[in-house]
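Fit chain to chain and form the complex, with the hints in mind.
The listed protein sequences derive, respectively, from chains A and B.
The opening position of the first sequence corresponds to residue 1 in this note's numbering, with each subsequent residue numbered one higher.
The opening position of the second sequence corresponds to residue 1 in this note's numbering, with each subsequent residue numbered one higher.
Hints were generated in silico from the structure; no laboratory data involved.
Treat the hints with caution; some may be incorrect.
Calculated lysine-lysine pairs in the DSBU-like style (CA-CA distance at most 30 Å, straight line) [stated by the list, open to error]: (1) A:Lys-140 with B:Lys-388; (2) B:Lys-231 with B:Lys-171; (3) B:Lys-146 with B:Lys-180; (4) B:Lys-310 with B:Lys-272; (5) B:Lys-236 with B:Lys-197; (6) B:Lys-402 with A:Lys-221; (7) B:Lys-419 with A:Lys-254; (8) A:Lys-254 with A:Lys-149; (9) B:Lys-402 with A:Lys-149; (10) A:Lys-140 with B:Lys-310; (11) A:Lys-254 with B:Lys-297; (12) B:Lys-236 with B:Lys-188; (13) B:Lys-264 with A:Lys-254; (14) B:Lys-264 with B:Lys-188; (15) B:Lys-429 with A:Lys-254; (16) B:Lys-402 with A:Lys-163; (17) B:Lys-310 with B:Lys-264; (18) B:Lys-434 with A:Lys-254; (19) B:Lys-419 with B:Lys-402.
Model, not experiment: these values are computed from the prediction.
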Amino acid sequence: MNNGSSSTMHGPDQPEISGPAPAPKSLRTKMGKPEDSEKKIFHKKLKDVEISVPIVYGNIAFWLGKKANEYQSHKWTVYVRGATNEDLGVVIKRAVFQLHSSFNNPTRVVESPPFELSECGWGEFEIAITLFFHSDVCDKPLNLFHHLKLYPADESGPMSTKKPVVVESYDEIVFPEPSEAFLARVQNQPAVVVPRLPAGVALPPPVPVEDPSNRKRGDTKDHPLCQWFTNFSEADELLRLATARQQVQTHIAKFRREITLLEGQHQQVNSVSDQ
Amino acid sequence: MFPRELSSPIYPHQPTSTVIVILLLHCTQCFFLPCRLAFCNRESRTSRCLVVSPKQTPKLLGEIAMDAKDILGLSKTSHPASQEKKSRTVKESQRKPDGISREVYALIGGVPPLMPAVEPLQLKKRPPTDEKITWQWLPFTSSARKDNLQLFHWVRVVNGVPPMGDYSFAKYNKSVDVVKYTDEEYEKHLTDDMWTKEETDQLFELCQQFDLRFIVIADRFPSSRTVEELKERYYKVSRSILIARAAASPGDVSEHPIVKEPYKFTQERDRKRALSMVLSQTKHQERKDSEVLAEAKRIAESRMAARNAKESELPITFNVERAIVPSETLSPSSNSEFPSAMVAPSTSMAENTSTLASLRMLRVYLRTYALDQMIQAASSSAGLRTIKRVEQSLQELGVNLKPRVPTKSVCAQHLELRKEILTLLNLQKQLQYKEAEGSSYRDSPYETPGTPKDRTFVPESTSFGGDVLGERVGKRDQKRKAPGRAEAPSSPAQPKRPRKLRASDM
Chain A
1 MNNGSSSTMH GPDQPEISGP APAPKSLRTK MGKPEDSEKK IFHKKLKDVE
51 ISVPIVYGNI AFWLGKKANE YQSHKWTVYV RGATNEDLGV VIKRAVFQLH
101 SSFNNPTRVV ESPPFELSEC GWGEFEIAIT LFFHSDVCDK PLNLFHHLKL
151 YPADESGPMS TKKPVVVESY DEIVFPEPSE AFLARVQNQP AVVVPRLPAG
201 VALPPPVPVE DPSNRKRGDT KDHPLCQWFT NFSEADELLR LATARQQVQT
251 HIAKFRREIT LLEGQHQQVN SVSDQ
Chain B
1 MFPRELSSPI YPHQPTSTVI VILLLHCTQC FFLPCRLAFC NRESRTSRCL
51 VVSPKQTPKL LGEIAMDAKD ILGLSKTSHP ASQEKKSRTV KESQRKPDGI
101 SREVYALIGG VPPLMPAVEP LQLKKRPPTD EKITWQWLPF TSSARKDNLQ
151 LFHWVRVVNG VPPMGDYSFA KYNKSVDVVK YTDEEYEKHL TDDMWTKEET
201 DQLFELCQQF DLRFIVIADR FPSSRTVEEL KERYYKVSRS ILIARAAASP
251 GDVSEHPIVK EPYKFTQERD RKRALSMVLS QTKHQERKDS EVLAEAKRIA
301 ESRMAARNAK ESELPITFNV ERAIVPSETL SPSSNSEFPS AMVAPSTSMA
351 ENTSTLASLR MLRVYLRTYA LDQMIQAASS SAGLRTIKRV EQSLQELGVN
401 LKPRVPTKSV CAQHLELRKE ILTLLNLQKQ LQYKEAEGSS YRDSPYETPG
451 TPKDRTFVPE STSFGGDVLG ERVGKRDQKR KAPGRAEAPS SPAQPKRPRK
501 LRASDM
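So that you can see chain B by itself, here it is in the shape it has in the complex (with noise of 0.2 Å):
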């Protein structure tokens, strides 16, 4: 049977109900090629096996691939053996190490390197010098030795000629210059209550061994006695024995460090027990101490600016010749640290001399920041809510809040109606107060006194109304919605309050 005849029946005629299945299998006898096909149509249950020969499987299977394809509707168009020729070749030519077998060259990345290393034969390169170097296990002597102790070691040779030289080390070997005296000498300016001969001798006999190393030596001394002690009897003795040598020149020793500034012993031990203190604070006491120096500080630099206000107020006290009470309520306020304890009028005034003593110190300013500074000032006893209903005012009154003209005189204008708003603005608190409390005394004690917003005795803002410049004040009173409290308590258009007092009239 041949494999062509049989290509065009394996179409199925019922595509719904007929499911086609084609098994590849490999062949065999080549094993690479799938050659044996197997047909299953389920309708009709038979299966329907190809068998291939070998020699024919690439062409038929590429038919049947394509026919395959057509059922499934894959596209026909790729060769797919080209495809991987292709591909292998463009594969293999990336791969390409030099040097290094492939396999290598795969297990360190298979790509190249980002940095070219470093090459051996770089690292070993030396100027091939005409010196003849050898190494030669000799003896050496060391200046630093006084025994004349001989030690071998390796030396480089150059040439056949040694290295000439003391030994590298010995200049490291520095000793301190500890005074000597003599038995005259300690006779004539040493003696000392607390200290016999021996003790010093033996101090010093340590100091020249230990090299001053002065925590060793009161460890070696025989006698317990403290650093201090040991510190202090050595400089003293020192200092008393350079002094007595030098004695025909004085001025020759004066620049020694232990002439000019010689050893406290109160002050280093305190110093000590201070260290110590500080070294074995515990975190508590840390926190503690540096609140403190805070609050210390501040309080100092408190001081200091109520100080330098002070002076520069002085000038001013002195140009007033007149013993007026302004001047007496200024220099008490500007004494104490604190101005803004004292009465509200010398308050003012304290806060006046020193927003303008610190405009002095400008040496040079604007007029507007001169402006802003006393507005400041001025309203420094004034909450934001009393600050924004000033400003509300001045808006009702049709003054700018900022002058477009800054000069002296309306600069200072602007200053004092601000001030005056200010008094206004706390008058009708106190107003307001007033009311309550009036109302309070003659309520019943159940009845609660009404707000004076309940009583719209005065309205919360004071309106200036629009028209500044032609406003009467007979304005106003007709605004109010109740009748004003300050008419007289008789008039009939009173509601509550009369009917009391006749009440307790009676």
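This is chain A alone, in the form it adopts within the complex (with noise of 0.2 Å):
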């Protein structure tokens, strides 16, 4: 899906892999330089290699009980993370999110990870989130938009303040293009999902875009919301599809010999009236 070459126009039966398998003669030509300037690496990118960062986007809101009154009811929190809770800070340098503009100062900026805002309020808008990238990642913003959920979907149940409401949605942010620079520094990093280099690509060694030690641990894995966080896991829904897929096919195979039948049936009948 990721490469337009060869492998994916043959058929639905073609193995994930991210790069192409045999490595493409103009790229090994392109490595043929060892020295670069750091300005190339950051300009010279690599086709047919797609980075992508697995993230999960929602919110978690918690109902004050007493301590409400009308125009602060609950607590919430809108946040982007890492779908493994890594620190997704290698990858993104800020976030924007843009509230209601009820809220004084509804541009709010997020400037180093974890990437969450936290809030008081009583309703339910449409925030929208802005992803700004490192210079090496990519120059232009990612936007993503999430509905703000605070009352429970079914209103039947009592409001507790010890039980969220958590609303959260997995995507993946796709680089098809990375820069060289870009792919020496995130590939031992946990939160970005690197593929497999074309054999004989070597890559620069990572230049760090900002000093490593003046930053704080930027992942949620001990985040103090991180038990309410869903566990995302695609083995449930590829064996849904899996499945839908064989009985397809099945069904395409049986119409299809269906129709060869009829062919010949129509066929015998033609060859009977021309008598």
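What follows is the structure in structure tokens.
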């Protein structure tokens, strides 16, 4: 799906690897130079290699119970975290949360991970989250939209201050043509899914974008709310999809058989009527 | 007779049958006060007139008024006399104009104005100047005139000193510097086949006279030459003279506008012609032109888009070394401007690659967005109904319409599943058509072929049943109402077809 080369064009039974199996000649020739200035690394892009960052974004809302008043009935936190709770700061430089205009300073900027924002309020509205990436990653920001949920879906249950309302969405940020610098830098970062590189491609040593000693822990593994985080696993979905596909394929085969049978019958009838 | 005694018998004792009419007539003596009263009792048909002396009238009237009010049932509490007095004073205090008489005040509205008027005193105020201003009729000369004509006009003289300086309008006397050439210069640089010296001299004289207003010059020119011809001659001469005079230092004049951009005769002529054509266009023509332009723009844009897609696909084709079929079909499909006109398999590939190309352009995107784009591209050939059926099938299969965990592999599988469902639906439709065809072959010409629905051959929507994991294919066969056509025609369960066949066999 990601590469436009030959692999996706042959039927559905493709091994799902990110890089093409044979090493393209053009890339090999490109890699001939061992010495590259830093700027060149920044801009040189690798084709057919795609980097994806699995993220989960959403909100957790607690009802304030006795302390609730008309305008502040819930305390909520909206956030963007790594799907496996790893540190997203290697990719994301800052996150901008655009709140409803009734909040003062509705544009909230979060400069360091964990990229989250907590507020008190009473209303549900759509929050626009804009993610800005580091300079070697991508110069264009990415927009996410999340509808803030405070009230539980079934209104019959009593509201409890202990059990929050949690709405999370899984998605993946895809960089179709990452620069070499980016690739080199995130090679061993757990937050990022880096595919197996084509054989013969050598990466220059990584250049850190910021001083590693300054950064605090940005992962959410021990986040105070981590007990409410959803664990997204693709296994269940893959299973359902595989079964469904099998069913459909069987039906297709059956229909094809029936069609050929009918065509045979038509020919028979034609030959009969010709007599 | 004293009126008081009469007051009581005024009341009727049979109210139902009597009507009391109280007539108040103006007193002939004092006019304002009604003091003659007449009571008419119908029954008795007598009219009683009560004549009252004017002196007693107010009091009596008050009493009689009270009595009348009693009869009529009106309230007696109000004191009209005092009320009138009160309102009168209130009104009069409101109506107090200041400075203008009451009637005039009433004329302009009777209420104070909304805005304060500009006091006439303010307008005439001027600071008392120390200067003594007089106006004198004095002669003057203008530097713009060359003939020493003396004219007169009014001059504002301050303290006996008339103003200095040139005539104030002389500064507007501007003229153009028309080039002047000598005869030698003419001989050397300016001879031309089309123009005689006389004509050129005439032209330059007119130019000087009319400040290069070529329309006027063309009108005045003795021989009929067009404006463009005159302009061309003039500018050519000026240019040549300038260059010739500055032969020593050509760099100086190169900045002069006529040297930098000489007059182009043909260009000007065409430009003016085009302009006049545009100006004289009819509305119909205008509309047509705008349509054509819009069409051209659209075509150009689609060409640009196709070219961009082609450019981004070029690296892909470079990477593939082997000359395999897909790449060959790829290049022609991307080269054409309208890939949808292609055969189905290459169309899907073209759509796929163009979607990929556009995604690549984005540099960063969300997996869900990419999936949506691919789904759209894949179902671009399908109508809305088909798409709904695909979604219905997905639901029946227990698959989320939008994957809950959209990883790379999940998205790929989801897309493939959708494509397969589309194929399945197409096959189903094909089968139905084949079946309809088949029935038209077999049935007599007078019998209309039944639609597949009648035969309940294949259910309208392919039902996948509820249990996704444990369903067997055989189960589905049993659900059908009519026996499947896939079975051999010789099966005895078949109702119509075998009979027909047997008939034709005979």
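| task | Of all the hints given earlier, name the ones this structure violates by number, lowest first. | result | Result: hints 1, 4, 8, 11, 13, 17 break, sorted rising.
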